[in-house]
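Those protein sequence lines, which keep their order, are chains A and B.
Residue numbering for the first sequence is 576 to 737, as defined by my numbering.
Residue numbering for the second sequence is 4 to 771, as defined by my numbering.
No wet-lab data here; the hints were simulated from the structure.
Mixed in with the good hints there might be a few duds.
Said to hold, decoys possible - Capping the alpha-carbon separation at 27 Å, the derived lysine-lysine pairs in DSSO-like fashion look like this:
no., chain 1, residue 1, chain 2, residue 2
1, B, Lys242, B, Lys212
2, A, Lys588, A, Lys578
3, B, Lys114, A, Lys578
4, B, Lys565, B, Lys579
5, B, Lys276, B, Lys110
6, B, Lys276, B, Lys77
7, B, Lys128, A, Lys577
8, A, Lys578, B, Lys178
9, B, Lys565, B, Lys128
10, B, Lys12, B, Lys301
11, A, Lys656, A, Lys728
12, A, Lys728, B, Lys12
13, B, Lys178, B, Lys212
14, A, Lys577, B, Lys178
15, B, Lys242, B, Lys77
Unchecked claim - Covered by chain A, per the in silico footprint, the following chain B stretches (three or more residues, Cβ under 8 Å):
no., segment
16, 23 to 31
17, 428 to 435
18, 482 to 489
19, 563 to 570
20, 666 to 675
Each residue gets a CB set at the ideal place from its N, CA and C atoms; glycine is no exception.
Chain by chain, the residues:
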Amino acid sequence: MKKTVVLTVNDVKHRETLLHNLTLLEYLRESLGLKGVKEGCGMGDCAACTVLLDEIPVNACLTLAVEADGCRITTIEGLCKDGRMSELQQAFIEHGAVQCGYCSPGMILTAQGLLAENPDPTEPDVRRALEGNLCRCTGYQSIVAAVLDVAGKRIKRKGSWA
Amino acid sequence: MTKDTLIGKGLLRVDAAEKVTGMAEYTGDLDLAGVLEAEMLTSPYAYARIRSIDVSRALSLDGVIEVMTGNDIKGLYGPMVKDRPVLAQGVVRFAGEPVAAVAATSKQIAKRAVELIDVQYEQLKPVLTHEEALSPTAPLLHEGLMDYEKEITANVIAGTNICNHFKIRKGDVEKGFAESDYVLEETYEVPRNHHVCLETYSVIAQFEKEGTLHLWTCNQSPYVLQRALAALFNMPWNKVRITIPTLGGGFGSRVYPSVEPAIVALAQRSGHKPVRLTLSREQDFYRITNHGCTATIKTGVRKDGTIMARQLVTYWDTGAYADCGPLVVRNSGFTSAGPYRIENVKIDAYCVYTNRPVATAFRGYGIPHVTWAYECHLNRIAHELGLDPLEIRLKNVIQDGDRSHTGEKMVAVGMKDCLEQVAKAANWKPGTKPAVVDLGDGRYRSLGLACSWKGTMRHHATSATVRVLEEGSVEVNCSNVDMGQGSSTIYAQIAAEELGIPVEQVTVRHPDTFITPYDRTTSASRGTFHGGNAVMNAARDAWQQVAVYAAKVFRCHPDDVKAENGLIIDPETGHKYAFGDILNKAVIGGVDVIGRGNSYMEGGTGLDRETGQGANPTSFWMYAAQIVDLEVDTRTGQTTVHKIFAASDVGRAINETNCVQQIHGGVTMGLGIALSEELTFDDKGRILNNNFHDYKIQTCMDVPPIEAILVEVPHPLGPYGAKGLGEAPVGPVAPAVADAVANAAGIWIRRLPMTPERLLEAFRKDGK
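Chain A on its own, in the form it takes in the complex (with noise of 0.2 Å):
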């Protein structure tokens, strides 16, 4: 079964006939091309294959690709705008937040779908977002000061921010 879907993956459209079965994070990988959707399990439980549908972060190893039709997708390569990273991607450089590195588009895309819904996270609502993103190197204390670090940056350019 096959149908014909409309998927508009980091701000381009394509128009793809896809067969029924096939998941997002086979379509991204092996149709695109776009390597940065890592595959950790399969089965939805370490969040290493996150990605943005309409700013809401899914496991793309449990959506399937004719799912997100009409949506607008987002991976860990559509985060840089004109050759710059994004201030999450920059944040995890700076923070030390990066070590074998598998975890990490799946962790910034999530953070980034909690940072567009809640832009004040505490620090608990940072560490409950992230809990579904498995990571087995960094012991997460510098994912998380990086969300928090980009989070008040934002909050103090708007002047909301005591």
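Please arrange chain B on chain A, whose structure you already have, making use of the hints.
Just chain B, lined up with the frame of chain A:
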């Protein structure tokens, strides 16, 4: 060269930008034209004879290129004992053992083909524990054990399932026990657990032109693989090319060959097409695991806490094939009496075959297992004597000039410094037992302490080259693998430091046996020490060549030439020149400067097979001490860890940020091992929890604040005084947690992990 400016700074990782943008290429991300996908048929039984295999239906499936069984590939491999077939030969020895391998045009077809292979087994009663394996009636899992090729480390015992018996005999333990005021004997257990690299294992093999084998793999040790595959496939070393892309973790699970030989065999029979195997998470749990260990420890002490004698008997369930089990048993064995001055030591450590999946190194080569035993045991002794855990350690701890249990004269020992600094951070005063806070509702809070030491490997070599390109950019070639621990950043820093250039001008190449020179292994926390020395020496060699060219241009002595911020300074005029200007002036048409460096130290020794004595068995030692602050709920068995103070002696921090990362990561891993991680097996030897919802690693909701304390006792042979760090922070966590639980609630746990169920059971037994 400039003054010491880059060493010690928390410079940002050189590979972080490519990782946060999704540009880093892991093995599974590589696109190779015409790649075939592989799948393995694995045994459902832990121990069985293979009666017959019928692959005809699989072979007739459209898209199937090759189907192989043990009949198609002979030869045995294994780093310590060559005991392992590429595909099972007439017998399967663990559930999950590869029996057949398929290459097909798609993963779906390969999986379907595997389902069509018909194997008839005759089930045998599996040997699932070390007790069963050591029983006089146990079957010999490897009847050919004595005939296998083996390394000297593997002290096998004929007619048994023991593939290494490691011994230490120092002094007279019976005399020591007789002279003691108090003797305690206990047994501690660590179950099997798993490394959990976030990237599952991935391999691509291809036979290229001129019979060259090219293998891309997420392995930690390209040269171990090169030599193992060359031996197995009867090829010269210079025809075996191992390329290591970015690694998504390692932790010891990727040091030795595992699935590579089968994929190479498939590629050999698939023309010049590349063949790829990427494991699913469920398969990855079966590929390799950690050892289970049972340790019986007996210690005699004087009333004042002085340790008079210590004896250990440890049994290690190494699974169906030895892998590096004999080395795990040796490397943990010679440290397993703990970082203490003890005159009388007797150790017997047995590496035992069972019908379980293969076990290998896991961030410490068995040190977390033995640390669990000797530190819980010492805390119990302190409790019985009315001493506090800090006091008894400070009294016995090994120090400079002391002899280790193998007879090594110790130098640059940071153990006492670690204990003192961690105690200071946690405000724990020697001679005062940690306070217990009654939080009400059956909840109690207290502190716990433990420490650990770990040697590295023997004095194995690592080589590096540093190439100065004409315009002043620099390449570092070293085969120590950056698997997330940050070695490439350390090497870039060292090369930049030695050449007087900014770090940004240095590129560290990924390991590739056709390009980057020899390195023994990326293991045993040896990368900064050995790789660092090799890169430092190579950069110095490169600089000396540059200085000779510059001296020719400046008409001065090479020793007078210096560089700073990427510019070479004329000692006469003080004018600054780009590297390229000088090199081009010195040699018309340009020149390539290649510096060579080795890290190899004379004087390393083995350990005597009967006594375990040897004056220099490890290039350096690591030391760590930790204090855990937690509360435990005696009604539910739930522990809540509030904070962990973690001190590690790093010799000298070349990169402060990297050091803190290693401590955070190691402590977090140790906390998982302490509280939640355990591979569970059914009575047929199959893993019940080979997925992330049943095998619980720590999430960001579980990990408390960790205060990393860098202790710097410079090592005389380390680069700038630095040494390794990565493994040492894992071991102390579990015994420190157990000590805090004992201090808070009065129960003594002897088996990991300390799940709420296990604590609750202990509270019930204790009548709480």
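Here is how each hint holds up against the structure:
A C-alpha spacing of about 10 Å is found between Lys242/B and Lys212/B, which places the hinted pair at or below 27 Å, so the restraint holds. A hinted pair counts as satisfied when its Cα atoms are at most 27 Å apart, and Lys588/A with Lys578/A qualifies at roughly 16 Å. Proposed proximity of Lys114/B and Lys578/A is supported: the alpha carbons are some 25 Å apart, at most 27 Å. Pair hint Lys565/B plus Lys579/B holds up; C-alpha atoms about 10 Å apart against a cutoff of 27 Å.
Note on Lys276/B and Lys110/B: the hinted pairing holds, with a Cα-Cα distance of about 15 Å set against a maximum of 27 Å. The straight-line distance between the Cα atoms of Lys276/B and Lys77/B is roughly 22 Å, inside the 27 Å bound, and the hint therefore holds. Of the pairs offered as hints, the one joining Lys128/B and Lys577/A is violated, with about 49 Å between alpha carbons and a cut-off of 27 Å exceeded. Of the pairs offered as hints, the one joining Lys578/A and Lys178/B is violated, with about 81 Å between alpha carbons and a cut-off of 27 Å exceeded.
Using a Cα cut-off of 27 Å, the hinted pair Lys565/B and Lys128/B is violated, with the two alpha carbons roughly 71 Å apart. For the given pair, Lys12/B sits about 45 Å from Lys301/B by alpha-carbon distance, which is inconsistent with the 27 Å threshold. The suggested pairing of Lys656/A with Lys728/A holds, with an alpha-carbon distance near 19 Å, which does not exceed 27 Å. Only pairs whose Cα atoms come within 27 Å are accepted, and Lys728/A paired with Lys12/B is accepted, the gap being roughly 25 Å.
The suggested pairing of Lys178/B with Lys212/B is violated, with an alpha-carbon distance near 67 Å, which exceeds 27 Å. This hinted pair does not check out: Lys577/A and Lys178/B have alpha carbons roughly 80 Å apart, beyond 27 Å. Proposed proximity of Lys242/B and Lys77/B is supported: the alpha carbons are some 20 Å apart, at most 27 Å. Chain A is given as covering the segment 23 to 31 of chain B, and this holds because 8 residues of the stretch bring a CB closer than 8 Å to a CB of that chain, at least three being needed.
Given a C-beta distance limit of less than 8 Å, the hint that chain A covers the segment 428 to 435 of chain B is violated, as 0 residues qualify and 3 are needed. Here the segment 482 to 489 of chain B counts 4 residues with a CB under 8 Å from a CB of chain A, which clears the bar of 3, and the coverage holds. With 0 residues carrying a beta carbon less than 8 Å from a beta carbon of chain A, the segment 563 to 570 of chain B misses the three-residue requirement, and the given coverage is violated. Only when three residues or more bring their CB closer than 8 Å to a CB of chain A does the claim for the segment 666 to 675 of chain B stand; here the count is 5, and the claim holds.
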